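Asks: Taken in sequence, the protein lines are chains A and B. Under the working numbering, the first residue of the first sequence is numbered -12, with each subsequent residue one higher. Under the working numbering, the first residue of the second sequence is numbered 27, with each subsequent residue one higher.
These are calculated hints, taken from the structure and not from any lab test. Just so we're clear, the structure is a prediction, and the values are computed from it rather than from any experiment. Possibly wrong hints are sitting among the right ones.
Label-pair ranges, simulated between beta-carbon atoms [stated by the list, open to error]:
hint, chain 1, residue 1, chain 2, residue 2, range
1, A, V268, B, E73, 54 to 60 Å
2, B, Q227, A, A8, 47 to 53 Å
3, A, V268, B, K178, 53 to 59 Å
4, A, M64, B, G176, 30 to 36 Å
5, B, G104, A, Y22, 19 to 25 Å
6, A, F61, B, A149, 34 to 40 Å
Partial list, computed: chain A residues near chain B (C-beta under 10 Å) [stated by the list, open to error]:
hint, residue
7, R26
8, R28
9, D37
10, F111
11, R127
12, G233
13, L236
14, A248
Selected chain B positions facing chain A (in silico; Cβ < 7 Å) [said to hold, decoys possible]:
hint, residue
15, F138
16, K139
17, D205
18, L230
19, Q236
20, H239
21, L242
22, S381
Backbone N, C-alpha and C fix where the C-beta goes; we use that ideal spot for every residue, glycine too.
So the chains spell out like this:
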Amino acid sequence: MTRAGKNTLFRVLLIGPALLAITVFMIVPLGLMAYISFRGRDYSGGVLWDQFSTEAYVRLFFERELDGTLALNFNYMIIILRSVWLSFLTMVISLAVGLPVAMFMATRDAKWKAVLVFMVTLPFWTNLLVRNYAWILLLRDHGTINSVLLWLGIISEPLPLLHNAFAVAVGLTYSFLPFMVLPIYASLEKIDLRLVEASFDLYANRWQTIRRVILPLAYPGIVAGCVLVFVPALGAYITPELLGGGKTLMIGNLIGFQFGAARNWPFGAALGLFLLALVLVSLGLYARRYRGELEGSQ
Amino acid sequence: MNKNSRVGKHTAKLLMASAMALTAFSGAALAAGELNLYNWSNYFAPELLELYEKETGTKVKVDSFASEEDLLAKLQAGGGGYDVIFPGTTTLGVMVEKGMLAKIDVNQMENFKNLLPAFTTIAGDENRDYSAPYMWGTTGFTYDPEMVPGGKLEESWKEIFEPSDELKGNIAMLNEMSDVWNAAAYYTGVSKCTEDPAEAQKILDVLMAQKPHVKLYSNDGTIDRMIAGEVAVHMQWNGAAHRVKAKKPNAVYVYPKEGTTFWTDVIAVPKDAPNLEEAKKFVNWMMSPEVAAIASNYTGYSNAVAGSGEFLKDDLKADPAVNMPEDYNERLRAYEACSPASKDLREKVWTKLKS
């Protein structure tokens, strides 16, 4: 065997386990999902494996009238758009809250940094379900926030804080905030503070320094943070269910409903793939838009 | 003390019954076997396991599933070695249709005569060839008299679908498609298996008009929500209503006059059960009044065995939410297996309601 051949074999062997893991844990399940989405629906749950059907995809946009004609159906689109909007809102609020927090953390001394990072990651030690229930206790009519406001005499009737879009946005922001803070912190921490000093020496004011020096340097972290918040928020299931009071669905709940009570697995699979496509397209656009800046800042 | 002595008497009776059972089935009892049950968690009294082992020498083990989808999937994948399973009515229908159950001729069993008349048949297993009833319950609503105007509500779905001004925003619904759809169907007088879009529209109209007045749709925490007084009225399962009353004795559970859905969980035997004969004996045993009462005392739900009432715990016996007064019999509406067209309409209505 030639030396080059030996090298190639060696490389294949090294990559092998990773390739195998990706194939088994990602490509096979995704392929299965795609396959199921093109199969017939078994009304008692499950799939008619021997029957090809595009009904699941038709259903995304149309509903069948009794005479078999198709009519546009916006119900699912409304749910999907609502999910995108709520996830976007979550991302913006997380950024608005997370950026100052990350800046504060990055400018402390080493001992404090460790403590602060620990405090940001602390909520992850608790189950997501428990954290969402905690928000129920805080937000409900006789909950902590309303009780305190009533006691202070600021309000005379409990505010409707729970079981609406506001509660969902609060819950999602809270759940995913650390995903925003940590990447931004990681990129800010590497900033050479002398650059900030130089900026002040050159008569930049604080706002200009943030906009022209700190933000561009923090860009990779901000982009990573936005992606890490937006994507999981789009698939959120527990938070809209618990804090939204089940009044409006997000796409995650819609998918859950198809596999559960509605027993429409092909449609559930099609929705799952649609969600995946949505995420990939938005990531692709993001990458295209910011490619230059990302490369420039590294 | 009183309670203890009652339990003592109870045990004595059971011991006598077991002695008789032992003589009757001594052959089987000697061939000490094994029996594997598959059930919801916390849904089978541990003392029944011991009792059965004492009576027959058969060791009984319980595994639990988290959803009926799990149960179905496991059985479809090849059984898992279970002898006795406890599916709901919908799943029972699927299992019978797919030939997954052993024909154990429940209707020929000695204790079949003990069943309440309403439970001698069931959708999907009309002759009771495959299944015996286990627990059953109803979906009605519960209210707190101190939070409703006049301290009393009519026994009608009207109170919940067209609430009075004081109750607006003070109502919680179950987040369960079929229960909500059924209730709205009874209220509008439409068949719950309707295939007519115009009738489905009627149901949707009722639900959409109600939605602004609903505080939330949820299956979780219904008990705490009533106890904490977060809502005045809650669409609820009767077992949960019973547990509300433990903390709020004044609470009232309503069997709405337009129709009250009841569900039944059943006892059945998978086709490839390893211990078929033993499983049949177990199913028969479960239909005896004392045993059914022990099961109910643990789960807090009603059983379908006549004569079990006297063995119930006092608080279950005294609660109309569990021990239903007989004059409500005609309000009960059994599960019906609806056509795919009807299920489609139901889903459409539910999605529109939530979009």
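Asks: Any hints this thing doesn't respect? Which numbers, in order?
Replies: When the structure is compared with the hints, numbers 4, 7, 9, 10, 15, 16, 17, 18, 19 and 20 turn out to be violated.
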